[in-house]
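> Given next are the chains, with one letter for each unit.
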Amino acid sequence: MREIYMGLVEQVRVKKPLVHHITNYVTVNDCANITLDIGASPIMADALEEAEDIAGIASAVVLNMGTLNERTIPAMITAGRAANETGVPVVFDPVGAGASKLRNETAVRILQEVKISVLRGNISEIRFLAGLHAETKGVDAAEADLQNIEDAISVAKTMAVRSGCVVAITGAVDVVSDGRRCVCIENGHSMLSNLTGTGCMCSSLIGSFCGAAPEAPLEAAVTALLSMGIAGELAFERAGHNGNGSFHAALHDAVSKLDGEILVGRARLYEA
Amino acid sequence: MREIYMGLVEQVRVKKPLVHHITNYVTVNDCANITLDIGASPIMADALEEAEDIAGIASAVVLNMGTLNERTIPAMITAGRAANETGVPVVFDPVGAGASKLRNETAVRILQEVKISVLRGNISEIRFLAGLHAETKGVDAAEADLQNIEDAISVAKTMAVRSGCVVAITGAVDVVSDGRRCVCIENGHSMLSNLTGTGCMCSSLIGSFCGAAPEAPLEAAVTALLSMGIAGELAFERAGHNGNGSFHAALHDAVSKLDGEILVGRARLYEA
Amino acid sequence: MREIYMGLVEQVRVKKPLVHHITNYVTVNDCANITLDIGASPIMADALEEAEDIAGIASAVVLNMGTLNERTIPAMITAGRAANETGVPVVFDPVGAGASKLRNETAVRILQEVKISVLRGNISEIRFLAGLHAETKGVDAAEADLQNIEDAISVAKTMAVRSGCVVAITGAVDVVSDGRRCVCIENGHSMLSNLTGTGCMCSSLIGSFCGAAPEAPLEAAVTALLSMGIAGELAFERAGHNGNGSFHAALHDAVSKLDGEILVGRARLYEA
Numbered sequence: 001m002r003e004i005y006m007g008l009v010e011q012v013r014v015k016k017p018l019v020h021h022i023t024n025y026v027t028v029n030d031c032a033n034i035t036l037d038i039g040a041s042p043i044m045a046d047a048l049e050e051a052e053d054i055a056g057i058a059s060a061v062v063l064n065m066g067t068l069n070e071r072t073i074p075a076m077i078t079a080g081r082a083a084n085e086t087g088v089p090v091v092f093d094p095v096g097a098g099a100s101k102l103r104n105e106t107a108v109r110i111l112q113e114v115k116i117s118v119l120r121g122n123i124s125e126i127r128f129l130a131g132l133h134a135e136t137k138g139v140d141a142a143e144a145d146l147q148n149i150e151d152a153i154s155v156a157k158t159m160a161v162r163s164g165c166v167v168a169i170t171g172a173v174d175v176v177s178d179g180r181r182c183v184c185i186e187n188g189h190s191m192l193s194n195l196t197g198t199g200c201m202c203s204s205l206i207g208s209f210c211g212a213a214p215e216a217p218l219e220a221a222v223t224a225l226l227s228m229g230i231a232g233e234l235a236f237e238r239a240g241h242n243g244n245g246s247f248h249a250a251l252h253d254a255v256s257k258l259d260g261e262i263l264v265g266r267a268r269l270y271e272a
Numbered sequence: 001m002r003e004i005y006m007g008l009v010e011q012v013r014v015k016k017p018l019v020h021h022i023t024n025y026v027t028v029n030d031c032a033n034i035t036l037d038i039g040a041s042p043i044m045a046d047a048l049e050e051a052e053d054i055a056g057i058a059s060a061v062v063l064n065m066g067t068l069n070e071r072t073i074p075a076m077i078t079a080g081r082a083a084n085e086t087g088v089p090v091v092f093d094p095v096g097a098g099a100s101k102l103r104n105e106t107a108v109r110i111l112q113e114v115k116i117s118v119l120r121g122n123i124s125e126i127r128f129l130a131g132l133h134a135e136t137k138g139v140d141a142a143e144a145d146l147q148n149i150e151d152a153i154s155v156a157k158t159m160a161v162r163s164g165c166v167v168a169i170t171g172a173v174d175v176v177s178d179g180r181r182c183v184c185i186e187n188g189h190s191m192l193s194n195l196t197g198t199g200c201m202c203s204s205l206i207g208s209f210c211g212a213a214p215e216a217p218l219e220a221a222v223t224a225l226l227s228m229g230i231a232g233e234l235a236f237e238r239a240g241h242n243g244n245g246s247f248h249a250a251l252h253d254a255v256s257k258l259d260g261e262i263l264v265g266r267a268r269l270y271e272a
Numbered sequence: 001m002r003e004i005y006m007g008l009v010e011q012v013r014v015k016k017p018l019v020h021h022i023t024n025y026v027t028v029n030d031c032a033n034i035t036l037d038i039g040a041s042p043i044m045a046d047a048l049e050e051a052e053d054i055a056g057i058a059s060a061v062v063l064n065m066g067t068l069n070e071r072t073i074p075a076m077i078t079a080g081r082a083a084n085e086t087g088v089p090v091v092f093d094p095v096g097a098g099a100s101k102l103r104n105e106t107a108v109r110i111l112q113e114v115k116i117s118v119l120r121g122n123i124s125e126i127r128f129l130a131g132l133h134a135e136t137k138g139v140d141a142a143e144a145d146l147q148n149i150e151d152a153i154s155v156a157k158t159m160a161v162r163s164g165c166v167v168a169i170t171g172a173v174d175v176v177s178d179g180r181r182c183v184c185i186e187n188g189h190s191m192l193s194n195l196t197g198t199g200c201m202c203s204s205l206i207g208s209f210c211g212a213a214p215e216a217p218l219e220a221a222v223t224a225l226l227s228m229g230i231a232g233e234l235a236f237e238r239a240g241h242n243g244n245g246s247f248h249a250a251l252h253d254a255v256s257k258l259d260g261e262i263l264v265g266r267a268r269l270y271e272a
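Order-wise, the sequence lines are chains G, S and Y.
What the first sequence shows, in the UniProt record's numbering, is residues 1 to 272, in sequence order.
What the second sequence shows, in the UniProt record's numbering, is residues 1 to 272, in sequence order.
What the third sequence shows, in the UniProt record's numbering, is residues 1 to 272, in sequence order.
Hints should not be assumed to be uniformly reliable.
[Said to hold, decoys possible] Simulated pairs of lysine-lysine, BS3-like, Cα-Cα distance not exceeding 30 Å:
{"id": "1", "chain 1": "G", "residue 1": "Lys15", "chain 2": "G", "residue 2": "Lys257"}
{"id": "2", "chain 1": "G", "residue 1": "Lys101", "chain 2": "G", "residue 2": "Lys115"}
{"id": "3", "chain 1": "Y", "residue 1": "Lys15", "chain 2": "Y", "residue 2": "Lys101"}
{"id": "4", "chain 1": "S", "residue 1": "Lys101", "chain 2": "Y", "residue 2": "Lys16"}
{"id": "5", "chain 1": "S", "residue 1": "Lys257", "chain 2": "Y", "residue 2": "Lys257"}
{"id": "6", "chain 1": "G", "residue 1": "Lys16", "chain 2": "Y", "residue 2": "Lys16"}
{"id": "7", "chain 1": "G", "residue 1": "Lys16", "chain 2": "G", "residue 2": "Lys257"}
{"id": "8", "chain 1": "G", "residue 1": "Lys101", "chain 2": "G", "residue 2": "Lys16"}
{"id": "9", "chain 1": "G", "residue 1": "Lys101", "chain 2": "S", "residue 2": "Lys15"}
{"id": "10", "chain 1": "Y", "residue 1": "Lys115", "chain 2": "S", "residue 2": "Lys101"}
{"id": "11", "chain 1": "S", "residue 1": "Lys101", "chain 2": "Y", "residue 2": "Lys15"}
{"id": "12", "chain 1": "Y", "residue 1": "Lys157", "chain 2": "Y", "residue 2": "Lys115"}
{"id": "13", "chain 1": "G", "residue 1": "Lys257", "chain 2": "S", "residue 2": "Lys115"}
{"id": "14", "chain 1": "S", "residue 1": "Lys16", "chain 2": "G", "residue 2": "Lys101"}
{"id": "15", "chain 1": "G", "residue 1": "Lys257", "chain 2": "Y", "residue 2": "Lys257"}
{"id": "16", "chain 1": "G", "residue 1": "Lys15", "chain 2": "Y", "residue 2": "Lys15"}
{"id": "17", "chain 1": "S", "residue 1": "Lys15", "chain 2": "S", "residue 2": "Lys101"}
{"id": "18", "chain 1": "S", "residue 1": "Lys257", "chain 2": "G", "residue 2": "Lys101"}
{"id": "19", "chain 1": "Y", "residue 1": "Lys101", "chain 2": "G", "residue 2": "Lys115"}
{"id": "20", "chain 1": "S", "residue 1": "Lys157", "chain 2": "S", "residue 2": "Lys101"}
{"id": "21", "chain 1": "S", "residue 1": "Lys257", "chain 2": "S", "residue 2": "Lys15"}
Quick caveat, the hints were computed from the structure, so don't treat them as lab data.
The structure displayed is predicted, hence computed values, not measured ones.
Based on the sequences and whatever the hints tell you, model everything.
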């Protein structure tokens, strides 16, 4: 099992999949850089007029609605559908679902009109999309929703069955499920929540690994979250005491230096 | 007096106010990260369709016209008015006022249509908005305007009386006035002007402190500028000799490590 | 000859030219910061309504189509033409030319409607614009195009003659030609391709030097690429072993610390 994750880290560096992002302008630079850190190749392009062309040359598509607007929503739908037609995996990050009518409707519409391979969000966002009661505090998980792992496992499985996609809920413990299997990842560090965009960067890593292994979205998502969690630990060990700025740089350092051996040596995960 | 500023640094970390930004795409990542550094929670959302919803769940709204356009200007007005209705403080950063007709008209329009709690700009921008003669060199203060502190004090007081908002003019010495009182802050470092977005980051910090203490916009603005000034000094001491990139990371480090004791220990300010 | 490049580094710091960018939201923060690092002053403004006003106060205009859209394309044309009318140099970075119909048509349109001083791209992008066979892999040069220096020299000369602009092709060896002369720059480091935006940053540096020496676009482009190449070497020496994040910060450090002496001491270039 661990050999699969180990192998994916090597594969992404060999295959260098092109990952098409339609994403927000807040964290886009970190998303592009973490895609390069892990060994894939990012292309950010959100004009409707080129959504099909770019999705057509990509190995994975990442749709992130962090700063969605009337111009980018149709581009997301078009890019997603174009990817569906050629079997290119689509990762969807429903940033802030629950926080506004526009976000709620857009998230539902994307899930209806595009076949998603991996849906990644925090517990509040995924609870909302699963039709369960959710508190929302902007783009971060509400404290009321940070209950327990059993709850996250149940939400992930329910949503995976209902949506037909792999569901990844990130938090203190990350939970990934395809409806049948469910993997829990204990790696990570609380300092990751001091930086904007660590959720978005997880989605970019999922896109990168999906691009390298489109046939294995569960394993791709797990490997991505392991990578981020372990990089967070390494960044904290080296630079966390300095503060957020040094931690930020050290996080990119750690992802760029990651290899299969580090991943397997530090992975703390179990099936639930 | 200093106990107020000290207390605000503790309060923002306890209350974690949600700060809604409609801001530019140049410095948005730094704005989100400095909001997290100081202990608040950022949400960046500029679609007109969700401006009311997001302003409605926020504790403060920051309007920054750094890269304004026809899509975001109405969103700023709508978010500002929604905040006004529920008494949520609005911070306005008129980036580049004086540099183009579009910026001039938009700044005037926002000041007319939205009740602003704190207006923050450089001396050229605030002189322009006060109807005084101003040189403009893009988004940075013109050298001709960098005259003397007495002038800045006079401009801040005049504009505060005229506009009814707290006016914060940042520069070598920062000046904050509500029309009656006027506080001058001597903290800071010239290297701050080597980085893009240090002005925008000041506005995000003001929004963060206003979110924690909406009843005290003058104190919120002073605490924000003290925080930035002191963080700039600390960043220079630790990393300034390396160059701009290290200074940039060290600035986020310093804000994330700031506490009331550091603030009071290093504050250099006086009333004028 | 080297004295010219050395002098330009001093000149840009004295003249502090205002560089108007209409650029992408992925790398815009790095572009603004590198413009400040080298001593120039950035202004990012992409609204059509202010394109003329801002171009009118700038010393150089940089058009970068990294995340082009229906709103920014007319702004680029308008800003470019306004700059042409007053003799302000225009730098064009045709990011991703060859990757979509929208990019192809926009690049051709800009070259037709705006007089460009310096055109900078990777070998795939410039081959495409020169009407030569090109592979494209998103926004990075395709491996099939990374052939040999002779080829890049030939493409640069051909395109320079055909377009009437200075053409700069960046890669392992950078090539700059005005159709008659051709300068090859061997400085640089492979780690630069691990970061997003190093190409865009080259264009911002070219804009900065063009703003300081509008009469000498070839020399401006060579000085810019020397600056980036040498900064990449210095950043690698100091921080490359840590990984991409530290290298990123060290790159800004190195550009901000660059002076004419370092430039001349480390320059490795020849005319071809």
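> Hints first: check each against the structure and report whether it holds.
Cross-check of the supplied hints:
1. Our distance criterion of 30 Å between C-alpha atoms is met by Lys15 of chain G and Lys257 of chain G, whose separation comes to about 17 Å.
2. Pair hint Lys101 of chain G plus Lys115 of chain G holds up; C-alpha atoms about 22 Å apart against a cutoff of 30 Å.
3. Using a Cα cut-off of 30 Å, the hinted pair Lys15 of chain Y and Lys101 of chain Y is violated, with the two alpha carbons roughly 40 Å apart.
4. The hinted pair formed by Lys101 of chain S and Lys16 of chain Y meets the criterion: a straight-line CA distance of about 24 Å does not exceed 30 Å.
5. Only pairs whose Cα atoms come within 30 Å are accepted, and Lys257 of chain S paired with Lys257 of chain Y is accepted, the gap being roughly 27 Å.
6. The suggested pairing of Lys16 of chain G with Lys16 of chain Y is violated, with an alpha-carbon distance near 40 Å, which exceeds 30 Å.
7. The suggested pairing of Lys16 of chain G with Lys257 of chain G holds, with an alpha-carbon distance near 16 Å, which does not exceed 30 Å.
8. For a cut-off of 30 Å, the pair hint linking Lys101 of chain G to Lys16 of chain G is broken: about 37 Å separates their Cα positions.
9. Distance check on the hinted pair: Lys101 of chain G and Lys15 of chain S sit about 26 Å apart at the alpha-carbon level, within 30 Å; holds.
10. Between the alpha carbons of Lys115 of chain Y and Lys101 of chain S the distance comes to roughly 26 Å, so the proposed pair stays at or under 30 Å and holds.
11. Between the alpha carbons of Lys101 of chain S and Lys15 of chain Y the distance comes to roughly 26 Å, so the proposed pair stays at or under 30 Å and holds.
12. This hinted pair checks out: Lys157 of chain Y and Lys115 of chain Y have alpha carbons roughly 18 Å apart, not beyond 30 Å.
13. Our distance criterion of 30 Å between C-alpha atoms is broken by Lys257 of chain G and Lys115 of chain S, whose separation comes to about 50 Å.
14. Proposed proximity of Lys16 of chain S and Lys101 of chain G is supported: the alpha carbons are some 24 Å apart, at most 30 Å.
15. Taking the CA atoms of Lys257 of chain G and Lys257 of chain Y, the gap is about 27 Å. The hint holds against a cut of 30 Å.
16. For the suggested pair Lys15 of chain G and Lys15 of chain Y, the alpha carbons sit about 46 Å apart, so the restraint of at most 30 Å is broken.
17. A distance of roughly 40 Å separates the Cα atoms of Lys15 of chain S and Lys101 of chain S; the hinted pair therefore is violated under the 30 Å criterion.
18. Between Lys257 of chain S and Lys101 of chain G the CA atoms are separated by roughly 36 Å; this puts the pair beyond 30 Å, and the hint is violated.
19. Distance restraint check for Lys101 of chain Y and Lys115 of chain G: the Cα-Cα separation of roughly 26 Å lies within the 30 Å cut-off, and the hinted pair is therefore satisfied.
20. A hinted pair counts as satisfied when its Cα atoms are at most 30 Å apart, and Lys157 of chain S with Lys101 of chain S qualifies at roughly 25 Å.
21. As the CA atoms of Lys257 of chain S and Lys15 of chain S are separated by approximately 17 Å, the hinted pair is consistent with the 30 Å bound.
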